[in-house]
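Residues per chain, in single letters:
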Amino acid sequence: MANPSAGEDKEKRPRFCINDNVDVLVEVLKRLDGRSLGAAAGVCRLWRSIARSEWLWEQLCFRHVAPPPGVRPVVAALGGYRRLYMVCLRPVLTRLSKRKRLDGTTIGGGDAEVVRRVWTRHEVEVSLSLFCIDYYERLDAGAGGGRMGETPAAASLMFLCKPVNV
Amino acid sequence: MKREHSHRPPPPDPFTGASSGQKSKMWEEAEPDAGVDELLAVLGYKVKASDMVEVAQKIEQLEQVMGHGQEDELMSHLASDSVHYNPSDLSSWLESMISELNPPPLPPPPPMEDPFLAPAESSTITFQDSPSDYDLKAIPGNAVVYPQIQPPPNKRFKPASSSSSSITSAMPVWGSNTVESSRPVVLVDSQENGIRLVHALMACAEAVQQDNLKLAEALVKQIGFLAVSQAGVMRKVATYFAEALARRIYRLYPENPQDSAFADLLQMHFYETCPYLKFAHFTANQAILEAFANKDKVHVIDFSMKQGLQWPALMQALALRPGGPPTFRLTGIGPPSHDNTDHLQEVGWKLAQLAETIHVKFEYRGFVANSLADLEASMLELRDGEAVAVNSVFELHQLLARPGAIEKVLSAVKEMKPDILTVVEQEANHNGPGFLDRFTESLHYYSTLFDSLEGCGGSGSPSQVSNQDKVMSEVYLGRQICNVVACEGPDRVERHETLAQWRARFESAGFEPAHLGSNAYKQASMLLALFNGGDGYRVEENSGCLMLGWHTRPLIATSAWKLS
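From first to last, the protein sequence lines are chains L and R. Start counting the first sequence at 190; every next residue gets the next number (this note's numbering). Start counting the second sequence at 2; every next residue gets the next number (this note's numbering).
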C-alpha cells in the first residue's frame with residue numbers, strides 16, 4: 190500500500206472551492222467596494238448572478254448610512270440599486286472626494302478614494318434626488334419608462350459623467 | 002504729423018444739440034481721411050500710412066527697452082516670458098488693464114508720436130466730454146478699479162539711452178499686476194480693443210439714452226468690429242449686447258417669444274449645463290419639504306411649470322420621509338402653447354407615471370394662463386385640510402411689466418393661504434428707470450453668467466453634454482439680454498430685481514420671511530461641488546435666503562415666505 194495515510198487525508202479534506210460555498214462567497218462580495226463588485230461579475234456565471242443581485246448593491250449603497258424607511262421599493266422602481274450606484278452614487282462620491290487641501294491643491298478622486306470613503310446621509314439624499322430626476326427624464330425616451338439596467342443616464346445627469354478638470 | 006481732427010469738442014453737458022452736431026461732424030470728417038493705413042484703421046488706430054516709418058521706429062524702441070536691462074529681473078521677464086492675458090476672465094482683466102494703462106484714462110489728446118499708447122485715447126477722443134459716463138466707473142461692482150496715481154505716458158518710451166532709473170521707475174507699473182494675475186503682461190491689441198469695446202458699448206448705450214440715434218448707429222457698427230477681435234466670453238457677451246442695441250436703434254424689436262416650446266427647450270439645456278436651475282429646485286424643494294412636515298395632504302401650486310423638472314425630486318423626498326408619503330396634489334400653471342399639443346397635460350402625465358412608480362398618491366391639474374395676474378384663488382379648488390405651497394422660479398419679475406399685476410398676484414397668493422411661498426429670482430437690478438443704468442447692470446450681470454458657463458461646457462471632454470448644450474444655454478441667456486436692452490413697456494418682461502427689493506415688496510404685501518435651513522445649504526453646496534468648475538460657484542446665506550453666485554457676484558437668490 191503506497192501511503193495509506195495520505196490517501197485517507199485526501200478523502201477527509203476535500204479541496205475547497207468557493208463556488209461550492211455560495212454563502213461564503215456572498216459574505217465576501219458583500220464587503221467589496223463598487224468597482225470590485227462590478228469586476229466580480231466578470232469571473233464566471235455564478236459570480237455574475239450573485240454580483241449583479243440587487244441585494245448586494247443595496248448593501249453597498251447603504252453601508253455607511255441607515256437607509257430611509259421605505260426606500261427599497263422606491264429605488265427598485267426607479268431602476269434598482271446597481272443603477273443607483275453606477276449612475277448616481279459613485280459619480281457623486283467621486284466628485285465630492287476631490288477635496289481641496291487648505292492650500293488650495295486638490296487631493297483625492299478616483300476609485301481608490303471612493304473605496305475607503307464613508308459617505309453621509311446628505312450624499313445619499315442628493316444621489317437619490319438625482320436618480321429620481323434621471324428616471325423622470327428617461328420617461329420620454331424609453332417606452333413607458335422604468336427600464337432597468339442598461340439605458341444610459343439621462344441628459345440632466347451628464348454633468349456627472351464628464352471628466353472633471355482637476 | 003498731427004492728427005487733423007485732434008481738437009477737442011467743447012465740454013458741455015454731453016450731447017446737447019451743439020456738441021452732438023460737432024461730434025457727428027467729426028465722425029463724418031474722419032471717414033474720408035485719405036492715406037490712413039487701412040489695416041490699423043480697422044482696429045481703430047488712425048495712423049497715416051506716411052507715418053508708418055515712425056511706427057516702426059517706435060516698435061524697435063519698445064523692443065529695445067524691453068530687451069534691455071538684463072540685470073532687471075522684471076524686464077527680462079517681459080522680454081522672454083510675456084504672456085497674453087486671458088480676456089475671457091472679464092472682470093480681472095479689465096481690472097488689470099485699467100491699472101496698467103499707464104496714461105490716465107482720459108488724458109488730453111496726445112500727439113501721434115506714440116501710436117502704441119495713444120490709440121486708446123485718440124480713438125476715444127470723441128467721447129472725452131462726458132468722462133464720468135464713458136469711463137469704466139460706470140460699470141458697478143469691482144469689475145473695474147481705477148488706479149490712483151498715473152505717471153505720464155512719455156516716461157515709458159524714453160529711448161534706451163536715457164537713465165535707466167527713469168525706465169525702471171516706470172517698470173513697477175508693468176509689474177504690478179493686480180489681483181488674480183501673477184504673470185507679467187504685455188499690452189496687445191486685443192486688450193486695447195477690449196477696453197475700447199467696453200467704452201463703445203457704454204457710449205452707445207448712452208447715445209441711445211440721449212436719443213442720439215445717429216451716433217448710436219455708428220457706435221454699434223464699431224462695436225461689431227471690435228467684438229470680432231475679441232475671444233471667449235467678451236466676444237459672446239458683446240455680440241449679444243450689440244445685437245440688442247442694434248434692435249433697439251433700428252426698432253427691429255424681437256417678437257415676444259410666443260413659441261414657448263422653443264423657450265422650454267432652451268431652458269432644458271440651461272438646466273443641464275449649469276447648476277442655477279438645479280440649485281433653485283433643490284433649495285425651494287427643501288423649504289417646501291420642511292413646511293410639509295407631518296402633513297397628510299399637500300398641494301403645490303407651481304407658477305413655473307415648464308417641464309416639471311422640479312417635482313420628481315420633491316416627490317421622491319416625500320416618498321421616503323418618515324411616516325410615508327402624503328397625498329400629493331400639483332397644480333401647474335403655464336402659458337398657452339401654440340401648437341396643438343396640451344403641453345401641461347403631458348407633463349402632468351409623466352409626473353403621474355413617476356408618482357405611481359414610487360407609490361405616491363398623486364393628483365394633477367394644469368392651468369393655462371396668459372399671465373399669472375389672470376389667476377384667482379377660487380379657480381384652484383382649494384380643499385380643507387391641505388397644506389399649500391406656492392412656487393415660482395423666475396416668473397414673478399415678468400409681472401412688473403404691467404402696473405398692478407404683482408399686487409394682484411400676491412393678493413391671490415394670500416387668498417390661497419399657503420404654508421410657504423418659495424421664490425427664486427435673478428439677483429440683479431435690471432428694472433431701473435434709466436436705460437444706461439439698466440444696460441450697465443445687465444452687462445456686468447450677464448458677463449459674469451457667461452463666465453460661469455465657460456467652465457461648464459464640454460470643452461475638450463468627450464461627453465454628450467458639450468458645446469451644443471452650452472450654446473443653447475447662451476442663446477437662452479441671449480434672449481434675456483435682448484429683452485432687457487431692446488424692449489420697453491409691457492414687452493420688456495425681464496425686469497429683474499434684487500432680493501432686497503423683493504423683500505420689501507413681500508413684506509409690505511403681508512408676508513414674512515421663512516428661513517431656509519442648514520439642510521438646504523448643505524444640499525446646495527454639495528450640488529455645486531458636483532459641477533465642473535465647481536470651485537467658482539458660491540452659496541451664500543443672506544438673512545435666511547440662499548444666494549448662488551459666481552466668485553464674488555451673487556446671481557440668483559432663493560427665498561421662502563409665509564403669511565404673517
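These are computed hints drawn from the structure, not numbers from a lab. Hints are supplied without guarantee of correctness; some may be wrong.
Covered stretches of chain R, as calculated for chain L (at least 3 residues, CB under 8 angstroms) [what the hints assert, rightly or not]: (1) 316-330; (2) 349-359; (3) 522-530.
In silico negatives: residues of chain R with every beta carbon more than 10 angstroms from chain L [unchecked claim]: (4) 250; (5) 506; (6) 516; (7) 545.
The beta-carbon is built from N, C-alpha and C at its ideal position, and this holds for glycine as well.
Each hint, compared with the structure:
no. : hint    : verdict
1   : 316-330 : holds (count 8)
2   : 349-359 : holds (count 6)
3   : 522-530 : holds (count 5)
4   : 250     : holds (38 angstroms)
5   : 506     : holds (31 angstroms)
6   : 516     : holds (19 angstroms)
7   : 545     : holds (20 angstroms)
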